[in-house]
Amino acid sequence: MTTNATAGTSGLMPYEAAMATYEPVLGMETHIELGTATKMFCGCPTGFGAPPNSQVCPVCLGLPGSLPVTNRAAIEGIMKIGLALNCTIVEWCRFARKNYFYPDMPKNFQISQYDEPLCVDGYLDVAVDGTTYRIEIERVHMEEDTGKSLHVGGSGRIHGADYSLVDYNRAGIPLVEIVTKPIVGTRDNGPQVARAYVTELRELVRALDVSDVRMEEGSLRCDVNVSLMPLGSAEWGTRTETKNVNSLRSVERAVRHEIQRQAAVLAAGGKIVQETRHFHEETGATTSGRSKEEAQDYRYFPEPDLVPLAPERDWVERLRATLPELPAARRARVRAEWGLSDKELQDVVNAGALDLIEQTVAAGAEPAAARKWWMNELSRRATEQGVELVALPITPAAVARIQEMVAAGELNDKLARQVFEGVLAGEGTPDAVVAARGLKIVSDAGELEAIVDQVIAGNPDAAAKVRGGKVAAAGALVGAVMKATRGQADAARARQLILDKLSG
Amino acid sequence: MTMSITRDEVAHLARLARLALGEDELDHLAAQLDVIISAVARVQEVTAEDIPPTSHALPLTNVFRPDEVRPCLTPEQALSGAPAAEEQRFRVPRILEDPS
Amino acid sequence: MSRERDPDLVRRTAAELAELMAAGEASAVEVAEAHLDRIATVDGAVKAFLHVDRELVLEQARRIDARRAAGERLGPLAGVPIAHKDVFTTADMPTTCGSKILEGWRPPYDATVTARLRAAGLVILGKTNMDEFAMGSSTENSAFGPSRNPWDQSRVPGGSSGGSSAAVAAYEAPLSTGTDTGGSIRQPAAVTGIVGTKPTYGGSSRYGVVAFASSLDTPGPLARTVLDAALLHEAFSGHDPCDSTSIDAPVPPVVEAARRADVAGLRVGVVKELSGEGYQPGVLNRYREAVDVLESLGAKIAEVSCPHFAYALPAYYLIAPSECSSNLARFDAMRYGLRVGDDGNRSAADVMSLTRAEGFGPEVKRRIMLGTYALSSGYYDAYYGKAQQVRTLINRDFDAAFEQVDVLVSPTTPTTAFPIGERVDDPMAMYLADLCTIPSDLAGNAAISVPCGLADEDGLPVGLQIMAPVLADDRLYRVGAAVEAALHDRWGGPLLKEAPEL
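Chains as they are written, first to last, in our numbering: chain L, 1 to 504; chain Y, 1 to 100; chain X, 1 to 502.
Note that these hints are calculated values from the structure, not bench results.
Possibly wrong hints are sitting among the right ones.
[Unchecked claim] Straight-line Cα separation of at most 20 Å, SDA-like style, residue types lysine to any residue; simulated pairs: (1) X:Lys-100 <-> Y:Ala-84; (2) L:Lys-148 <-> Y:Ala-82; (3) X:Lys-100 <-> Y:Asn-62; (4) L:Lys-148 <-> Y:Val-63; (5) L:Lys-148 <-> Y:Ala-84.
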């Protein structure tokens, strides 16, 4: 009797066991919606969240007679991505029609590129656990997005719905598709490499400022191809394509799940079906979608309504010259300038604090101090409020100003935290908060000395111990000084003053 | 004489092209397509490997428009021809298969 | 103020009507009413129009009169009525393309050509019948029944712009629009005894032209005289930023060329491959006489060989259906047009298939199937790919020919108008009607058909085709006007005078 290893999540091989037998080959297809003002082939705006069918025209609705005209900014956007991915920008290429019927596709063909992509043969280096993996890029091509369907009845999912409602606002938004070559040699790190690739790609595109690359809004979408081959084999297995894996964490989970699932199927003597699979966020599992048994025949042919693209070399070079410092180079620079370890830098990047810290440093703060505030105090508050660090209502300039007061001895850390609290609560600039809350440190030498004298007089026992050589007893006196100043004294100076007076 | 296209192929093409053709229509079309395909296959007589294909009537390249917003249709205009609409959206029959 | 309306207003050319109106001797409303009355009288027999809205027509005419009265400077065709092919979108009239699948569809936008007609002050009389989605040579593929040839109502007026040719030949309009993909302007013009031009591809905008074959479709004018065709050509042509394949260059000086009408010293090439076997003797007789006329006017005649033209027809019947199979995919019952079988249970895919099966006629289905086949995996290289190579060879033939001569000539179509019903279920016979016109569609250059007499056998009109290089559209009008003038002299007036009264 054979067991059906494909059924359910029970049909998974433990990851370590899978890795002891098989080697994964991965492939990533990533779609990025460009942040142009208008759509790929018409002048409709691209804003997210507009009322349904309010950002459409004859062109993106595919009305009879309408014709596409290419958005120059979209072509520049994809070429920037191609250049940043170390691709060659071809000298001549065409758009092609990909023909298939689907209700969210107004023309029942998608304008895409087929055998003549605009950008070819690039790479992106990603690091996992100190190992650098070079992910080779097969192609980067330009296409258009589809509309969005709302499924009514049943469970609200596509399957079992009674009917669907289609909104074409998204139809025609420029999409860049980035396809990797098969990724081999990742071994155990496959899932992390896949995640690191998408993370790095996201950082790269964000740095280029051509897309907001928000996975949760669908402006970055990922399909993950996975196949397994027996360790030591050179022959690749049948691959599956898991669609629309829509968070970084899901990328890693989907790859891991497919590896475990396929390993179980193969180990039981089964065969992997070449198919599209769906990833389920809740369970972390993939399920079978449409099987590619009846192979799709997209009947690609050159798009006759658009003329070929032939980017002049000086246009390409002008674009190359506009590329900003790319994330990898920036990280290397920052790590050196700030003296961080790989781990520390990674934490900063993961926290989304790199820009903020850099801007704070640019505003005059020491890198270590800037990092400390953002990574500790402010990260904690962001977590408490459930928002991204960048969404906190405080500017890097304000952080730099607070740090400036600390460095000048006008604030101690405790007071500084109260200033942060005030700024975040909307009480104004750091200086305004300091003034309004009366947070200036007690730095007037005479005033502090008077308080120290009072404290010594009021704590004769402790004073006697210090005089007798028990320096540790000074702590109690410092505490009393801080209490008397409501925390607004410089503790180190108070301590020095106490020791000076009692040793004399 | 061999047929240049079989009836099964014609039925497959009809599915690809989303045409629900009846049996009679398939028979009739298969015969006609066979004649037409035999005739148009003449293009294979004169072509050689080194002849570049022509996809466009004129050799234009690089036609772009600026990234500037133009007026849209109103939702009412957009939906004016819709066979069915609901919640300012196009209402379509249930979708059984997933997109490609 | 009342005035006797000139009973012959409908017989006037567009140029004459424009002059009358400019001189205040007729108003746009009078001209429009005359044509509306003519339509009311004869269109029951001719069936050129799919849609005429009398009040809408008069409203346009009144606006022109008011602008003229206000002293506004109007264009050279202001107030002239025009019949508009139903393939152009019109925001104030239905656009059906002769198809059941689009019956009653009202587009929310105007085609560029439509907008330019309006801007030029032309009065749009209505929408004309056509072969469904412009696929055909007879209008028999219209879902709304065929139009009739005014010369013989049992015969076709050509196609696909057959409603437009019939309307002009029947004096229902002095001008009409058409689109030419494989001959759909020139062939109907030829078989109804009028003038029709296919401009250089990209010389006139396709925006708002419901696509048949994108790399071939070219809007152009139909008229009773060469000058009228030139005036209309100039009125709606020129660069359109909404059409990526539109040429960003000035419109060639077509009106000036039509007025010049001089061929002395011009080199005219007779295309060897476009005559002989399969051509009706009466057609060849009139064609040869026209060539003699050109020679007598001082043109230098030379025979030119275009060896690959023989492969134009098969290449065309791969390229055009391939593009159409994709262009017509959008008619799927989801966003506009017919929807069939939506019983709440059937899937979108089923409703699409049922609707398309019911909404498209046999010829459209045939071409969609043929195109689907030619593009499908495993066949692309052998069919679509090869056809594109043939296109290159045809371009080269034209390039070589135009190094030797300034224009090429041939019959427009191998036969005169054929009887309605004769070729309906014989696609290959129907396709032969486009034998001579297709090469210029594939190469994208300019071509015109002008009347050159009546065939001996049947007394029906024959067309002379003149072909010019890309963007040399003016040469068509120079040659066409010269031939027209000489033949009018010989006939004692235009050919249409010989047509029977309706």
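Let me make sure I understand: some of the numbered hints might not hold for this structure. Which ones are they, in numerical order?
3, 4
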